[in-house]
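Colleague: Chains A and B, in that order, are what the protein sequence lines are.
Taken in order, the first sequence gives residues 1 to 269; the numbers are from this note's numbering.
Taken in order, the second sequence gives residues 1 to 247; the numbers are from this note's numbering.
If you're looking for bench data, these hints aren't it; they were derived computationally from the structure.
Idealized CB from N, CA, C, for every residue including glycine.
No false leads were slipped in.
Once the Cα atoms are required to be at most 27 angstroms apart in a straight line, the calculated DSSO-like pairs of lysine-lysine come out as: (1) A:20 x B:132; (2) B:18 x A:265; (3) A:81 x B:211; (4) B:142 x B:110.
Counterexamples of contact, computed for chain B against chain A with all Cβ distances above 10 angstroms: (5) 19; (6) 34; (7) 62; (8) 170; (9) 195.
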Amino acid sequence: MIHKIFPVAHITFIDCLRNKALYGILFMGIVLFGINIIFTGMFSWDLSKVAVDMGLSTVSFAGLILIFFFSIQMMSNDMDKKTIYLILSRPVSKSEYIVGKFIGLSLVILISSLVLGVCAAFSVWLSTMTINLQLAEAFSWKLFSLSITLQTLSLLILLSLAFLWVMVSSHSFTAFLLTLMTYFVGQNMENVKNIILSTKLMSPDSISIKAINFASWILPNLSVFNIKTIIAHGLPFDASSMAAPVVYGISYIGICLCLSILVFKKREI
Amino acid sequence: MAAILFQNIYKTFRSGFKSYPVLHDISFEVKKGEIYGFLGPNGAGKSTSIKLLLNFIQPGSGRIYIDNLLVGRDGFQHLIGYLPETPCFYENLTGIETLVFAGKTSGMGKKEIIPAAKKVLHRLNLDHAGDKLIKAYSKGMKQRLGIAMALIHDPRIFILDEPMSGLDPMGRKLISDVILELKQRGKTVFFSSHILSDIEKLCDRIGILNKGKLLYTGPTKDILEFGPDVETAFVRLIEKDEGSHDT
Numbered sequence: 001m002i003h004k005i006f007p008v009a010h011i012t013f014i015d016c017l018r019n020k021a022l023y024g025i026l027f028m029g030i031v032l033f034g035i036n037i038i039f040t041g042m043f044s045w046d047l048s049k050v051a052v053d054m055g056l057s058t059v060s061f062a063g064l065i066l067i068f069f070f071s072i073q074m075m076s077n078d079m080d081k082k083t084i085y086l087i088l089s090r091p092v093s094k095s096e097y098i099v100g101k102f103i104g105l106s107l108v109i110l111i112s113s114l115v116l117g118v119c120a121a122f123s124v125w126l127s128t129m130t131i132n133l134q135l136a137e138a139f140s141w142k143l144f145s146l147s148i149t150l151q152t153l154s155l156l157i158l159l160s161l162a163f164l165w166v167m168v169s170s171h172s173f174t175a176f177l178l179t180l181m182t183y184f185v186g187q188n189m190e191n192v193k194n195i196i197l198s199t200k201l202m203s204p205d206s207i208s209i210k211a212i213n214f215a216s217w218i219l220p221n222l223s224v225f226n227i228k229t230i231i232a233h234g235l236p237f238d239a240s241s242m243a244a245p246v247v248y249g250i251s252y253i254g255i256c257l258c259l260s261i262l263v264f265k266k267r268e269i
Numbered sequence: 001m002a003a004i005l006f007q008n009i010y011k012t013f014r015s016g017f018k019s020y021p022v023l024h025d026i027s028f029e030v031k032k033g034e035i036y037g038f039l040g041p042n043g044a045g046k047s048t049s050i051k052l053l054l055n056f057i058q059p060g061s062g063r064i065y066i067d068n069l070l071v072g073r074d075g076f077q078h079l080i081g082y083l084p085e086t087p088c089f090y091e092n093l094t095g096i097e098t099l100v101f102a103g104k105t106s107g108m109g110k111k112e113i114i115p116a117a118k119k120v121l122h123r124l125n126l127d128h129a130g131d132k133l134i135k136a137y138s139k140g141m142k143q144r145l146g147i148a149m150a151l152i153h154d155p156r157i158f159i160l161d162e163p164m165s166g167l168d169p170m171g172r173k174l175i176s177d178v179i180l181e182l183k184q185r186g187k188t189v190f191f192s193s194h195i196l197s198d199i200e201k202l203c204d205r206i207g208i209l210n211k212g213k214l215l216y217t218g219p220t221k222d223i224l225e226f227g228p229d230v231e232t233a234f235v236r237l238i239e240k241d242e243g244s245h246d247t
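Input sequences plus hints: build the corresponding full structure.
Modeller: Below, the structure is given as structure tokens:
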């Protein structure tokens, strides 16, 4: 199986790497870091929070653009332009195609996060040099890297969901909208739950809260991978507490890919 | 034993609550080592038949066999080389990279892929283009690269959907020669085409499809009882069928 998955992943990766749109996204990310340095200098308080938060957000933003305007388009093109015929007419199964494509696109996202993560760290470091920015006491580059890793994992979850929506829907725009909707719900479900709990109108044991809690993990709960605020404020943070979310994230990707394969096997191409 | 066997194939497409029958009780066989031409006007069901043959879509009922392997149940892809009607590639790959992918996924060994890729590129007059990105290829070059992908692993059966489309006269002659070479090497070729002169020149047997029904299957020379040449015979058969629909 691996010897069929690898060539699919390889051509996906190479095709993406040579796509000019990818360089446009990376260039935009680097421009945003420049803006970050200028922007941070305009603030008179919480400079370190602004610099770190903007740096990390730019990495995440570029990753989201990669998924919404690049990966979904690539997957949909395979179906619409029938490029997929040249793959599936060979001894490559639909499951090998899905896994290969996912690995290829994941590698692009990983490399983009790595490049932009280094740029983000550089922009924060440059801010400390140029505008005498004092980073929070508990700030550490290790936690900064962990935040980028978790953000990347949440991007991969979103990518696996995008795969599922591309397989379910017959149009790339529908897949785009479904992925966007899932992203917003996944980002904000935890906030909605916290707001409801803070109003104390419902007990934490009520069925409604339990249903919201359950839905927040099913949709998925992307906010658990967001530790930007903690890192930016230099709040105390136990990195080992992220083990469970990481397992959740990897399992979520696995389930989404299995569902994508199941749907794709039923789909006529 | 037949290289390709269609047995009582029915296929219906659904759109909302409506259903559209596209293939009606299609049965024919393609013998090993022969060139079989699949003809029909636009919308006759040729491409649907080819998609069924490749297991891209599933029949409503009936069975299709490739070299005695049941399509949809058994793995048959290692036996075939396929050219789609309009081949689309990953445009940021080179011709060689595309052929290496085709070779790897078809189970070829690392050492044999590059020489085989260079050989098929040479045969299809694409030697100069192997290292170029596909986005720089013309339509005819893409068509020839699609045929190179079908050839690289030297399969037993070739399924070519409109192999001459988009080619200039030189390109058409090249593909005709390649098809005849395949026949000489004992390969089976099943291809659809609108160009009746190519069919007449190349095919041992033909099948004529109209509105999802197979009007004729048999030796190319036998269709001449309907007209002085294949084109006239084809038109008469279609008109006769259309007339029977009207009455």
